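Go by the hints and put chains B and C onto chain A.
Protein chains in written order, with our numbering: chain A, 1 to 293; chain B, 294 to 625; chain C, 626 to 1004.
Read the hints as simulated data drawn from the structure, not as lab findings. Since this is a predicted model, take the numbers as computed values, not measurements. Please note that a few of the clues may not be correct.
Calculated lysine-lysine pairs in the DSS-like style (CA-CA distance at most 30 angstroms, straight line) [as the list claims (entries may be wrong)]:
(1) A:118 / C:878
(2) C:742 / A:118
(3) A:118 / C:916
(4) C:954 / A:118
(5) A:178 / B:489
(6) A:178 / C:879
(7) A:118 / C:753
(8) A:118 / C:652
(9) C:742 / C:691
(10) C:916 / A:158
(11) A:118 / C:879
(12) B:403 / A:158
What follows is a list of derived Cβ distance ranges for each label pair [to be verified]:
(13) B:600 / A:275: 21 to 31 angstroms
(14) B:314 / C:718: 48 to 58 angstroms
(15) C:718 / B:315: 50 to 60 angstroms
(16) B:606 / A:60: 49 to 59 angstroms
(17) A:275 / B:427: 42 to 52 angstroms
Virtual Cβ for every residue (Gly too), placed ideally from N, Cα, C.
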Amino acid sequence: MDQASLLQYLITGLTVGATYGLTALGFTIIFNTTGIINFAQGEFVMLGGMMSVFFMRALGLPEPLAIVLAVAGTTLIGALVERLAIRPVRDCPAINLVIITIGVSILIRGAAMLLWGKDTFALPAFSGAAPVAFFGAALMPQTLWVLAISLLILAGLKMFFSRSIHGKAMLACSFDPKAAALVGIGVDRMVLLSFMISALVGAVGGAILAPITLTSFDVGVMLGLKGFAACILGGLGNPFGAAAGGLILGVLESLGAGLISSAYKDALAFVILLALLFVRPSGLFGQKDGKRV
Amino acid sequence: MSVGYRRDMRWLGGFLVVLLLAPPLLGNNYYLTVLTMCCLNAMIAVGLSLLVGHAGQISLGHAGFYGLGAYTTAALSTTLGVPVGLSMLAGVGATSGVAALVGLPALKLKGHYLAMATLGFGVILSILFNETVGVTGGPSGFTGIPRLSLFGVEFSSDLSVYYFILALLGLVIWVAFNILHSRVGRALRALHTSEKAAQAMGIDIARYKLFIFVVSAAFAGLAGVLYAHYLTFIAPASFGFLFSVQLIVMVVLGGMTSVPGTIAGAFFLTVLPEFLRAFENVEILLFGAILVLCMMYLPDGLAGGSSRLWRLVWRKMFVRAEKDPMEGGGNG
Amino acid sequence: MKMARAAAIVLALFTFLGCSKESDSFKIGAVLSVTGPASFLGEPEKNTLLMLQDELNAKGGVEGRKVQIVIYDDESDVNKCVMAAKKLIENDKVAVVIGPSISGNTLAIAKFFAPAKIPLVSCSAAEKIVKPVDPWVFNTPQLDRHAVGKILMDAKKKGYAKLAILTVSDGFGQAGRAVLQELIPAQGLALVADEVFGPKDTDMSAQLTKIKGAAPDAIICWGTNPGPAVVARNRAQLGITTPLYMSHGVASKKFIELAGVSAEGLILPAGRLVAVSQVPDGNPQKALLTKYVADYTKKFGTAPSTFGGHAYDALMLVTEAVKMGKSFKPQDIRDNLEKIKAMPGTAGVYTMTPENHNGLDESAFVMVTIEKGEWKVVD
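One chain only, chain A, in its complex shape (with noise of 0.2 angstroms):
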């Protein structure tokens, strides 16, 4: 095994892994506020990348252009699913939240179908397509864009979360809504904004990633089943946890393939995650009672 090799791998699951990490933030954000897993969260991705593809095409818009739209447009859907979906029935059990976010899942995933066809589509990339090559292996531009731009979101959420009030408050609903809502925290918008944060985040994870894998209608079930593997991975309710599982599941995958067998990666992976959580039941960064239901 040559040097170059392994460090194409590790590129190539940093890359596939950050698609997984941004899933998994969005898991996060809404998981602090009402606790719930919200399925519906790697259709957001999905949306960001279609509405970017579908307002260049259709509108002619320019792609920086685009792409804010759609994430405008997602984080508005966002809110509309928190608005129409989950507040009318906050006071169920989760798993019934849970269940109303995967008939979410479902619409969204229809109405895209209905709306843009059954087709793959590419957006191009943001500053060309030519390789860089580093130390033997190729890079591409974009690889460098995702990476950024995700590492730029961590920061931001991070800094939401305990700098501002705002953040404060949606983690203080996550402990205890009653609670909250008892030193005067309006729990009901801070759901609101935790599903509009958790959309954008999703977007723009699906915007600057569908240059590299490409989009379709039916990207989000796979990003779903993966970014939640992610946070599990990382520990739930935590964003540093959930970017970091992102990545270390697409390295798993990507040395997987390259090293024992392409056919297996996706099950290397997974034994691997299931060997962890019966050592560390709680994932690789969660708080030591990882009880949270």
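For chains B and C alone, kept in the frame of chain A given last:
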């Protein structure tokens, strides 16, 4: 036995009579196929409702157990020539064994982590079904599985297979009711309410959790072996993550703690796409919308919804004169 | 009382659903994967059937009867496919069934047709469908064996000795992989790397890097969109210059669009449909292909894919069999399907026999390359 037990047994009797009489009324093989699939899905859903609704443990890997049963009996009977009755037993046995092995470490996890562990296990199984082409036939499927037969007698008509599956569904429901009305059932409910309290009262929670996990996996395995010999063809796509999610939806949509509700959920979700077929591309939209609306307006599932509707109708018709303070109002 | 009324309503509902109005149209059933992962097959197939139905009926139907095609979507799911097939046979009482789109679903329902005495003309390619021959089951696509044969012939001509394969882990990829694993050594070539990717994977750099390490003379990729487009893109990104063969599974304009410039120079076997204008005038398929492409493009705004062509061929074979026997009886249609000789279709020229229910050979394929975003026939 208790009143509840007698009521449940009466319900089971009525349910079996209706399904016994259904085929001649429906008249053709298409409806029979739909009904058979309903029964198979109901079998898995009942097991899952014991686990999710009563023990409070989630599993997103039950499609894997369903597939494990199907592939075990398919490989044994088709490739190795083991008699079908024996291979079906082996299929259920293998599923239970694997469930015990997986359950032992996995059930120590809680909530979303348990969901992830079972989900991961299901994904690993479905990759195995896909990739071990020599054993499973790979993604394009396992063909030529013998039809259902016992002691050398083949169930040659679809109707006889249906009745056999119905009988086993009856057995599964009967076992489920008996578990729920036994010591185990009470222990499970205690465990669901508060694990710590249950433990303090001397309930061996690890053992009960494992027991119910294995039972529910065995039901899924049973459905799997029946499915394999009914369809005589299986493919990995039928046993993937999406089906696991669909099973959970059946349980929750039906009303988690009610066995009849779960069965209604399974029947409803199996039949619904057939009815929506006429809407072609819009089908998926309608399916999603119906799912969301059902969960929003029937928070206790179909079971809770129908009993509430029944109470409402009852009151409207017979107690109209009185001003009734709507009991349990506020939802929906 | 209440129960009785409910029962009566349910009964009435079912009788209403159960009976369809008798008519003297020629009723054809179709079960296609219009949605789900295989919708890239089922959608053009459905479009094609609906277009042909209008066309045939505008000309007065077949042998004096209007054609009525009942199409069900199996959502690429085997259970739904089984139920749809039963519905076509039991409720709709069709004379013949076209489809399903994918091999697994075809294999799952094939056994229903002999007892029902209704012919099935499948639009999916697996060899198992027609080998061994089931008297009631036919299929229309070119076989994988013929595509692999074409590729290996080209590889040998160019002097490639060491080959690597990269296949998708679904039914299509598995079937191709099996044939490749069989034929590459049989042709005296060496198989130096055998990698796979998942149908939903978005990056194949790891597999390609590993293949690069094995230093093959050429790579053969077997899959359907979008996977192979990603493979082509990753190959260009990694700066791999080893020649890359694709399968006939990507022979659509969509592939060129997705792969962009990295599609340039790739070689694959394809039906003549992709490059109609380059088909020589004397070719028996020329007229029919030109018309199909023009009609489809006019009606649906995009060029047809070879997959839609499989449904075209299935329907044309069926109507031809009806015309030959001047009979709409399923038994006669079956018998006459076996007697079809040298009938041009979109995929190739069909000659059926009781032993051969596919009717095509290697000549159904031409080798094409991609040049400036267009298909170009190279042999």
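Between residue 118 of chain A and residue 916 of chain C, does the CA-CA distance stay at or below 30 angstroms?
-> Distance of about 26 angstroms is within 30 angstroms: holds.
Does residue 916 of chain C pair with residue 158 of chain A here, judged by a C-alpha cut-off of 30 angstroms?
-> Violated, because 61 angstroms separates the two Cα atoms, which is more than 30 angstroms.
Holds or violated: residue 178 of chain A to residue 489 of chain B, with C-alpha atoms at most 30 angstroms apart | holds (23 angstroms)
Cβ-Cβ distance between residue 606 of chain B and residue 60 of chain A: within 49 to 59 angstroms?
-> holds (57 angstroms)
Residue 118 of chain A and residue 753 of chain C: Cα distance at most 30 angstroms?
-> holds (29 angstroms)
Residue 403 of chain B paired with residue 158 of chain A [C-alpha distance capped at 30 angstroms] = Holds, at about 27 angstroms.
Distance restraint between residue 178 of chain A and residue 879 of chain C, which requires alpha-carbon spacing of 30 angstroms or less | violated (54 angstroms)
Range agreement (Cβ of residue 427 of chain B with Cβ of residue 275 of chain A, hint 42 to 52 angstroms) = violated (26 angstroms)
Does the structure keep residue 954 of chain C and residue 118 of chain A at a Cα separation of 30 angstroms or less?
-> violated (37 angstroms)
Is 48 to 58 angstroms a correct range for the gap between the Cβ atoms of residue 314 of chain B and residue 718 of chain C?
-> With a Cβ separation near 25 angstroms, residue 314 of chain B and residue 718 of chain C fall outside 48 to 58 angstroms, so the hint is violated.
Given the hinted pair residue 742 of chain C and residue 691 of chain C, is their alpha-carbon gap at most 30 angstroms?
-> holds (22 angstroms)
Can the restraint linking residue 118 of chain A and residue 878 of chain C be considered satisfied, given a maximum Cα separation of 30 angstroms?
-> holds (15 angstroms)
Of the numbered hints stated above, those contradicted by the structure are hints 2, 4, 6, 10, 13, 14, 15 and 17, listed in ascending order.
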